[in-house]
Amino acid sequence: MSNREWGLAALNLRCADDVMQLERLGSLHACRLSFVRSLVRQMGRQRWQVSRERFDLDENGYGTAIYRLQTPYGRYHGVMFAQALDDSRRSDRVIADAWDVTFGLIEGDVDASLLEQMAANVPLQEAGRQHPRVLVISRANKSLRNFAHFVKALAKGEQPDPEWLTRVGYLYRTTAVYGNGKFGIADFARLHENPDFRRPFSAQMAGVYLLRHFSIEQVEHLARCQAPQTACALATELRRYLGIGNSTGLGMAPFLISHPQLIAQWVNQRETALALAQRQLPSEEDRQRMLALTRRALQHLEETVTEDGEQTERNAETVASLPDVLAWLESAPLEDDLWAQLTAWSERTLSLEAQELINTLLIELYPERVDPLEEQMGVTENLDLQPDMPLIRLRQLIETHYSWALAHDYQSRAGSYWFWYRSVEKEEPRLGVRHEEAGAEKEMLIAIGPRVAHSHAAICEFLEDNPRAKVVDFLLARPRHKEIIRRVQTLVKDTYGDIHANLWHQDMKPMHLLRTKLAFFGASRFDPKSDRWVRITLFQGAPLVEELNAEPEDLGRFDDWSFPLQPQRENGAVGPAGLSPQAGPAAALCNHQPVQGQSP
Amino acid sequence: MKVSFNELQGLCRKAFTGIGFEDGDAADAADMVAWMQCHGFNAIDQLNRGLDFLLEEDPESLPQVIYQDGDLAVLDGHGQSVLRSISLATELGFAKARARGLSVVKIRRCHNRQLIMGYLSRLAGRGINITAFWRNVQVPLTEQVVGFRAGHPTPEVRIYSVRDVPEENEPNDGITLVMANHVELLPSLGADHDLDLLARHSESDLMACRERSLQEGIEVDDAIWARLKALAHRILVESSEASRGGAGAGVNDND
Chain D
1 MSNREWGLAA LNLRCADDVM QLERLGSLHA CRLSFVRSLV RQMGRQRWQV
51 SRERFDLDEN GYGTAIYRLQ TPYGRYHGVM FAQALDDSRR SDRVIADAWD
101 VTFGLIEGDV DASLLEQMAA NVPLQEAGRQ HPRVLVISRA NKSLRNFAHF
151 VKALAKGEQP DPEWLTRVGY LYRTTAVYGN GKFGIADFAR LHENPDFRRP
201 FSAQMAGVYL LRHFSIEQVE HLARCQAPQT ACALATELRR YLGIGNSTGL
251 GMAPFLISHP QLIAQWVNQR ETALALAQRQ LPSEEDRQRM LALTRRALQH
301 LEETVTEDGE QTERNAETVA SLPDVLAWLE SAPLEDDLWA QLTAWSERTL
351 SLEAQELINT LLIELYPERV DPLEEQMGVT ENLDLQPDMP LIRLRQLIET
401 HYSWALAHDY QSRAGSYWFW YRSVEKEEPR LGVRHEEAGA EKEMLIAIGP
451 RVAHSHAAIC EFLEDNPRAK VVDFLLARPR HKEIIRRVQT LVKDTYGDIH
501 ANLWHQDMKP MHLLRTKLAF FGASRFDPKS DRWVRITLFQ GAPLVEELNA
551 EPEDLGRFDD WSFPLQPQRE NGAVGPAGLS PQAGPAAALC NHQPVQGQSP
Chain V
1 MKVSFNELQG LCRKAFTGIG FEDGDAADAA DMVAWMQCHG FNAIDQLNRG
51 LDFLLEEDPE SLPQVIYQDG DLAVLDGHGQ SVLRSISLAT ELGFAKARAR
101 GLSVVKIRRC HNRQLIMGYL SRLAGRGINI TAFWRNVQVP LTEQVVGFRA
151 GHPTPEVRIY SVRDVPEENE PNDGITLVMA NHVELLPSLG ADHDLDLLAR
201 HSESDLMACR ERSLQEGIEV DDAIWARLKA LAHRILVESS EASRGGAGAG
251 VNDND
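Those sequence lines, one after another, are chains D and V.
Under the numbering used here, think of the first position of the first sequence as 1, with each following residue one higher.
Under the numbering used here, think of the first position of the second sequence as 1, with each following residue one higher.
If we strip away everything but chain D, and leave its shape as in the complex, we get:
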């Protein structure tokens, strides 16, 4: 197919009734369009540089560190404040008021007065007033066991056991990462012309990437303080295998509902990527790459540890099905529509989570087609009314695009079981049982399905007396329906905007909502702690600051870090896993080295 034909041919995207099912969204995996992946690609491509400006930590690891992030366009600083925290105060919930480390990513330089202002406010997080040049604030708690194990091992001059990072893949987990004007920081609108951080959540992810580097430097510093004669640096493979955790609850859910155009844009780019990949003519090299990626994903999922029974079962089911996928890939003739055949076969035979894994791997195959889509992940959000639309047309549109919403029973106990609300405790989002718990009259309007059904019924009734009415005529008589009508009018053009589920229903799984957003962030190692609380890992396997600073020439290799594998330890040295991108004839096991002054 010529470039012109390729550009003009219509893409066959999956329909919203399929893609926007809550269960399918809750089965998504991070892909190469996820925000951590696109950020790291951009950093490598544009030769971003990270340097340490300040590292004033005491022998307990408490104090201030500042990292400079230099891009071709601008300069930023990550400012970290590490402090002592009593175990009794360590909580991942938004209602916490102190953390092991707090930090901010700031645009421009940090002089003494700004540092003083930040030191007084960043550790307070929501309770502080943040400077308008701060792009991101966040906080994180230690994984105490990992932290202690790493310090102890490094102090003795030994490498920590890689299995510890397989169980919990980080030293710190963030409990919120705030951007877009929260508590006085810079509005996202200010970054629209900023080529570094104009993509959604890229500034937040950059802040988290700097925290990852800090966590390595802090743990090495502590080992050095404890035993300067014997302490060693963390082996490169372990550094790379170390990510940053995130602990999150229902707070993710309202975002998905209140930003439907943005969600539609994300899903649309992912679906476009999948459709582009599916219609590529496969070469034998492509097939071998797909096989290698599948084997790596299989091992990654085999290594993934969670105490959650349901997620364990889902992982096991995916792992059990991947040998069949490998067999299919090895035996299928190399026909032009191989990838379309693969996805059709997977839809017939595999679980949703395995299907979406195949889709993620297919997207991985064609960076030259897929990567330009990362620039399309943002959108100007405005749910605008079309007041001159004939009301009968609106009714048709609802019945065509929102039949899922009209199909539910919102009167039954099961169908109206949950209500969503915000608590007076730091506005923490919670779920309550309707008719049993107080607060339903202050319900957050998260469930779109019942509202669409309610508006549809009112429209039908109005049309009986006013068959030629326009939307504005209806709304002047029934103004309460304005918000849902303009949402519908907007989203029938962006059909991936609304999640096709009754979010009131007793069987609704909030975890699916959390995973949807986290997958777009680039999360791996989904580790549910309840049906509405999850820990994940970001940047595990990602290139290191020192690899970035070395200005990588092979950007494809630099970007190839999905589905990270546990490094191997042999005779006290740590090297890459056999199936990892770092493995190969040139990748010898890295012996541990003594720390020489400051780490890179």
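It is possible that some hints are incorrect.
[What the hints assert, rightly or not] Below, simulated EDC-like cross-link-like pairs (lysine to aspartate or glutamate); rule was C-alpha separation at most 20 Å, straight line:
no., chain 1, residue 1, chain 2, residue 2
1, V, Lys2, V, Asp222
2, V, Lys229, V, Glu22
3, V, Lys2, V, Glu216
4, V, Lys2, D, Glu116
5, V, Lys106, D, Asp388
6, V, Lys229, D, Asp473
7, D, Lys442, V, Asp255
8, D, Lys426, V, Glu238
9, D, Lys152, D, Glu163
10, D, Lys442, V, Glu22
11, V, Lys2, V, Glu22
12, V, Lys106, V, Asp45
13, V, Lys229, D, Glu126
14, D, Lys509, D, Glu307
15, D, Lys426, D, Asp58
16, D, Lys426, V, Asp71
17, D, Lys517, D, Asp494
18, D, Lys517, D, Glu375
19, V, Lys229, D, Glu443
20, V, Lys2, V, Asp221
21, D, Lys442, V, Asp23
22, D, Lys442, D, Glu425
23, D, Lys152, D, Asp58
24, V, Lys229, D, Glu427
25, D, Lys442, V, Glu238
26, D, Lys442, D, Glu427
27, V, Lys106, D, Asp473
28, D, Lys156, D, Glu570
29, D, Lys152, D, Glu59
30, V, Lys106, V, Asp71
31, V, Lys2, V, Glu211
32, D, Lys529, V, Asp255
33, D, Lys152, V, Asp255
34, V, Lys2, D, Glu126
35, D, Lys493, D, Glu427
Just so you know, these hints were derived from the structure itself, not from any lab.
On the provided structure of chain D, position chain V as indicated by the hints.
Here is chain V on its own, set in the frame of chain D:
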């Protein structure tokens, strides 16, 4: 104190919801206030002065169409703030202009009229030319004219006093909106007009003001902010041991 645009918009939305606005009205009202404030019009002060009225308004008393034909509509705002549901009156004008090329909408009896600019900005962004006109006080008689070019979300604004006050100078608490698909309706003053220009805000001035607000934050009086927070607090549910479990978190995060 300095706040961000998003913070101001978000708190206003919660405060309007706390007052009892419908979801869509709360969003529109918050957008209007935040838009005005970041373009240099002191919307927060206006809101603060009008808050007591807003709290007493009958939420069921919404703008009502008194007369309409294909090109023209007259609505009664029932003396309420434009923040509550006035958007539908402007949408009526938009729909008529789309159908007929030009429309005139008169909204009688409404308050906080200047804040309507924040919603008209959205309509202009959807590709319609708009002029909004109203008289502010009777002595001296002042007039405000706001003109948006189609596709431009930032207006030209003129405020002037009329030297030659007509004898029949009845109080005027309404707004007149003229919308047109293809005709630009910008305010301009000829030399022969018997007017004194009191204020002129060009499109570029207002855009620069918005840019400054995004760069430096928006100054808001602490007391007003606290009042908005108190109103926003109304949408929150009291906590209990049972409700703490509703977040689904564990009891111990030390691992």
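Here is how each hint holds up against the structure:
Distance restraint check for Lys2(V) and Asp222(V): the Cα-Cα separation of roughly 9 Å lies within the 20 Å cut-off, and the hinted pair is therefore satisfied. The hinted pair formed by Lys229(V) and Glu22(V) meets the criterion: a straight-line CA distance of about 18 Å does not exceed 20 Å. Between Lys2(V) and Glu216(V), the direct Cα distance comes to roughly 8 Å. Compliance with the 20 Å bound is thereby established for this hinted pair. As the CA atoms of Lys2(V) and Glu116(D) are separated by approximately 17 Å, the hinted pair is consistent with the 20 Å bound.
This hinted pair checks out: Lys106(V) and Asp388(D) have alpha carbons roughly 19 Å apart, not beyond 20 Å. As the CA atoms of Lys229(V) and Asp473(D) are separated by approximately 35 Å, the hinted pair breaks the 20 Å bound. The straight-line distance between the Cα atoms of Lys442(D) and Asp255(V) is roughly 35 Å, outside the 20 Å bound, and the hint therefore fails. A threshold of 20 Å between alpha carbons decides the hint, and for Lys426(D) with Glu238(V) the separation of about 11 Å falls inside it, so the pair holds.
Restraint check for Lys152(D) and Glu163(D): satisfied, since their Cα atoms lie roughly 15 Å apart, inside the 20 Å limit. A threshold of 20 Å between alpha carbons decides the hint, and for Lys442(D) with Glu22(V) the separation of about 12 Å falls inside it, so the pair holds. Taking the CA atoms of Lys2(V) and Glu22(V), the gap is near 28 Å; set against the 20 Å cutoff, the hint is violated. About 26 Å separates the Cα atoms of Lys106(V) and Asp45(V), which puts this hinted pair outside 20 Å; it is violated.
Taken as a hint, the Lys229(V) and Glu126(D) pair is honoured in the structure, with Cα atoms around 14 Å apart against an allowance of 20 Å. For the suggested pair Lys509(D) and Glu307(D), the alpha carbons sit about 18 Å apart, so the restraint of at most 20 Å is met. Pair hint Lys426(D) plus Asp58(D) does not hold up; C-alpha atoms about 32 Å apart against a cutoff of 20 Å. This hinted pair does not check out: Lys426(D) and Asp71(V) have alpha carbons roughly 50 Å apart, beyond 20 Å.
A hinted pair counts as satisfied when its Cα atoms are at most 20 Å apart, and Lys517(D) with Asp494(D) qualifies at roughly 18 Å. Distance check on the hinted pair: Lys517(D) and Glu375(D) sit about 18 Å apart at the alpha-carbon level, within 20 Å; holds. Under the criterion of a C-alpha separation no larger than 20 Å, the hint pairing Lys229(V) with Glu443(D) is consistent with the structure, at around 18 Å. Restraint check: the Cα-Cα separation between Lys2(V) and Asp221(V) comes to about 9 Å, which is no more than 20 Å; the hinted pair holds.
Restraint check for Lys442(D) and Asp23(V): the C-alpha separation of about 12 Å stays at or below 20 Å, so the hint holds. Distance restraint check for Lys442(D) and Glu425(D): the Cα-Cα separation of roughly 15 Å lies within the 20 Å cut-off, and the hinted pair is therefore satisfied. Between Lys152(D) and Asp58(D), the direct Cα distance comes to roughly 17 Å. Compliance with the 20 Å bound is thereby established for this hinted pair. Straight-line distance between C-alpha atoms of Lys229(V) and Glu427(D) comes to about 12 Å, which keeps the hinted pair within the 20 Å bound.
Proposed proximity of Lys442(D) and Glu238(V) is supported: the alpha carbons are some 10 Å apart, at most 20 Å. Only pairs whose Cα atoms come within 20 Å are accepted, and Lys442(D) paired with Glu427(D) is accepted, the gap being roughly 12 Å. Proximity of Lys106(V) to Asp473(D) is assessed by CA-CA distance (about 17 Å); at most 20 Å being required, the pair is judged to hold. At roughly 17 Å between alpha-carbon atoms, Lys156(D) and Glu570(D) fall within 20 Å of each other, so this suggested pair holds.
A C-alpha spacing of about 14 Å is found between Lys152(D) and Glu59(D), which places the hinted pair at or below 20 Å, so the restraint holds. A C-alpha spacing of about 11 Å is found between Lys106(V) and Asp71(V), which places the hinted pair at or below 20 Å, so the restraint holds. Straight-line distance between C-alpha atoms of Lys2(V) and Glu211(V) comes to about 15 Å, which keeps the hinted pair within the 20 Å bound. Distance hint between Lys529(D) and Asp255(V) is fulfilled; the C-alpha atoms sit about 13 Å from each other, no more than 20 Å.
Note on Lys152(D) and Asp255(V): the hinted pairing holds, with a Cα-Cα distance of about 17 Å set against a maximum of 20 Å. Simply put, Lys2(V) and Glu126(D) have alpha-carbon atoms about 15 Å apart, close enough for the 20 Å limit, and the pair holds. For the given pair, Lys493(D) sits about 33 Å from Glu427(D) by alpha-carbon distance, which is inconsistent with the 20 Å threshold.
Hints 6, 7, 11, 12, 15, 16 and 35, counting from the list given before, are not met by this structure.
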